[in-house]
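*Asks:* Spelled out from the first residue to the last, the chains are:
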Amino acid sequence: MGRQASRWWTVWGVIILLWALFPLLWMVSLSFKDPNTFRSESPTFFPKKWVWTNYDTVFSDSLFTSALRNSIGIAVIATALAVVVAMFAAYAIARLDFPGKKVLLSMALGIAMFPQAALVGPLFNMWRNLGIYDTWIGLIIPYLTFALPLSIWTMSAFFRQIPWEMEQAAQVDGATAWQAFRKVIVPLAAPGVFTTAILTFFFCWNEFLLAISLTSTDRARTVPAALSFFTGASQFQSPITAIMAASVVVTIPVVILVLAFQRRIVAGLTAGAVKG
Amino acid sequence: MTLTKPRVEAPAPPPPAGISDRTRHERRLGLSLAAPSFVVMVLVTAYPLIYAVVLSLYNYRLTDPAGKEYVGLQNYATVLTDPLWWTDFTTTAIITLASVAVELVLGFAFAMVMYKVTFGRGVVRTGILIPYGIITVVSAYIWRYAFQLDSGFINQWFGLGDYNWFGHRWSSLFVITMSEIWKTTPFISLLLLAGLVQVPGELQEAAMVDGATAWQRLKRVTLPNMKAAIMVALLFRTLDAWRIFDNPFIMTAGANKTETLSFLAYRQNVTLVNLGSGSAISVLLFFTVVLIAFIFIKGFKTDLSQVRGDR
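Read top to bottom, the protein sequences are chains A and B. When the letters of the first sequence are read in order and numbered with my numbering, they come out as residues 1 to 276. When the letters of the second sequence are read in order and numbered with my numbering, they come out as residues 277 to 587.
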């Protein structure tokens with residue numbers, strides 16, 4: 001590949017970057033516009049005057065702050081549970097031979113393809129009867145379920161690459177079983193577990209359909225659901241700029257995770273999906 | 277001591293196929309480790325689905341619980357003869373076909389660039405992951421406000437005056453599909469990238485030595501060797517697009533015939549609390565997904581063993 005060709009690929013790379021980031025620039029720009037005057041006959045891309053008002057609005061609105069708390073709590077708990085439950089299954093799939101392995105993998109595949117909308121009716125009814133409608137646990141349970149397939153695949157793909165013989169080698173060298181596990185296996189397995197946690201967190205952070213179906217107040221409503229109910233600082237003001245400010249706030253964790261762990265996320269997405 | 281003695285005296289071999297203690301222990305451990313995942317998945321999907329099948333046989337509204345009565349398959353007949361179901365079916369199919377077709381081409385191009393680019397490879401991959409990670413509802417708002425008359429810049433930039441994108445069916449579907457494409461192309465492109473890196477380099481070189489053009493190499497070497505990856509990516513994205521809900525909900529609230537099947541199921545079950553026919557829609561939606569998966573796996577021979585990891 002000549003230098004000329006290499007330069008062209010770089011140009012295409014820049015175009016892809018623009019494509020990926022331009023809508024974000026629009027979101028940030030809109031979030032800094034003045035809520036009272038930004039609407040016009042001929043709207044511009046950048047604000048005429050940059051203001052922080054929208055950020056003040058969203059952080060002083062309990063609808064948004066409680067939603068942020070719910071989102072963080074529910075996503076973190078559901079992710080932790082999904083990773084632990086999936087870790088057992090992934091270990092079994094990667095290392096052990098047992099009846100029902102194929103059933104488990106097929107079931108995970110089936111659930112990854114399952115239309116969540118087909119469940120909102122029965123879950124809505126069941127959760128009301130069980131008294132967990134509009135609670136954290138009412139969202140954590142289905143999030144855990146729908147996050148499991150991705151977690152199981154990603155982690156079993158990672159676990160399969162671990163040289164498990166090293167555990168025995170360490171024991172031969174005089175380490176106890178616990179030491180061999182802690183000093184040899186944990187460091188090798190940790191990246192896979194961690195990557196799985198990031199992907200699972202993204203899923204829980206993003207989920208919308210179940211969030212609006214199984215909640216009704218700010219007790220458990222998450223950010224995506226709250227955004228769709230947001231009306232702005234007053235009924236006379238357009239909520240657009242405030243919604244964009246809230247959007248910027250909830251996009252920041254995503255950007256941080258992507259910037260910090262780009263390599264791992266790519267490995268996780270490709271390992272879990274298409275194995276060679 | 278005769279030669280036959282040990283054979284007679286030997287303890288009866290453990291029943292079929294000689295399962296050793298070790299194997300039995302391994303099986304038991306495997307089953308108990310897999311059990312929690314299994315139980316959670318069955319309880320939260322299979323059980324409610326059966327419950328939905330049962331509910332779909334009743335005329336049952338939460339607003340009128342006393343009026344609950346068994347009606348057999350009547351709910352299914354009502355849904356399938358209602359033009360609304362078919363309009364929503366068509367809308368879902370249009371969005372799915374358009375977004376998956378564009379994403380396949382665009383995703384392949386992106387995968388190619390990510391594969392070939394040497395300068396700033398990490399930056400491109402980082403950038404592309406941001407749409408993947410962003411909340412779909414946020415993406416829907418970003419695109420909606422870009423096209424909306426009073427706030428958007430699109431009409432100014434492209435000299436479209438006061439064209440109301442959300443006033444017509446096709447233009448609304450266009451914007452919905454744009455948001456869907458922006459958000460999900462990264463996913464398909466990473467799956468295709470994983471397939472691309474597995475195409476043997478020697479094949480490419482051999483084709484080049486034989487004087488094949490870049491286009492011929494793509495068509496005869498790269499694509500055939502990526503078939504498995506392409507089919508898996510297509511299956512996943514098709515089923516994902518088929519379930520589309522967030523974008524139409526945020527952008528149009530289903531106006532101008534932009535309601536999708538998931539949206540219809542949500543509205544019947546949660547908004548109208550019409551659990552009888554709502555459940556019938558849920559069950560039908562489930563069957564459409566099964567049908568699509570069946571077509572891919574049997575019809576297009578999509579090999580999922582790689583995905584499931586049971587080789």
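Quick caveat, the hints were computed from the structure, so don't treat them as lab data. Note that the structure is a prediction, hence the values are computed from the model and not measured. It is possible that some hints are incorrect.
What follows is a list of derived Cβ distance ranges for each label pair [to be verified]:
| no. | chain 1 | residue 1 | chain 2 | residue 2 | range |
| --- | --- | --- | --- | --- | --- |
| 1 | A | Gln179 | B | Pro312 | 25 to 33 Å |
| 2 | B | Lys503 | A | Val28 | 35 to 43 Å |
| 3 | A | Asp173 | B | Arg300 | 27 to 35 Å |
| 4 | B | Tyr346 | A | Phe22 | 52 to 60 Å |
| 5 | A | Ala175 | B | Gly396 | 37 to 45 Å |
| 6 | A | Val28 | B | Asp358 | 41 to 49 Å |
Residues of chain A clear of chain B, computed beta-carbon distances all greater than 10 Å [to be verified]:
| no. | residue |
| --- | --- |
| 7 | Pro43 |
| 8 | Trp164 |
| 9 | Ala169 |
We put the CB at the ideal spot given by N, CA and C, even for glycine.
*Asks:* Against this structure, judge whether each hint is valid.
*Replies:* Now for the hints, and whether the structure bears them out:
Roughly 27 Å separates the CB atoms of Gln179 (chain A) and Pro312 (chain B), a value that falls within the hinted 25 to 33 Å. Between Lys503 (chain B) and Val28 (chain A), the C-beta spacing of about 41 Å keeps the proposed range 35 to 43 Å intact. About 30 Å separates the C-beta atoms of Asp173 (chain A) and Arg300 (chain B), a value consistent with the hinted range of 27 to 35 Å. Separation of Tyr346 (chain B) from Phe22 (chain A) is about 56 Å and conforms to the stated range, judged on CB atoms against 52 to 60 Å.
Between Ala175 (chain A) and Gly396 (chain B) the Cβ separation comes to about 44 Å, which falls inside the hinted range of 37 to 45 Å. In this structure the supplied range 41 to 49 Å holds for Val28 (chain A) paired with Asp358 (chain B), their Cβ-Cβ distance being about 44 Å. The non-interface label for Pro43 (chain A) is inconsistent with chain B: the shortest C-beta to C-beta separation is roughly 5 Å, within 10 Å. No beta-carbon of chain B comes within 10 Å of the beta-carbon of Trp164 (chain A); the shortest separation is about 14 Å.
Non-interface call for Ala169 (chain A) relative to chain B: holds, since the shortest CB-CB distance, roughly 20 Å, exceeds 10 Å.
Hint 7 from the earlier list is the only one contradicted by this structure; the remaining hints agree with it.
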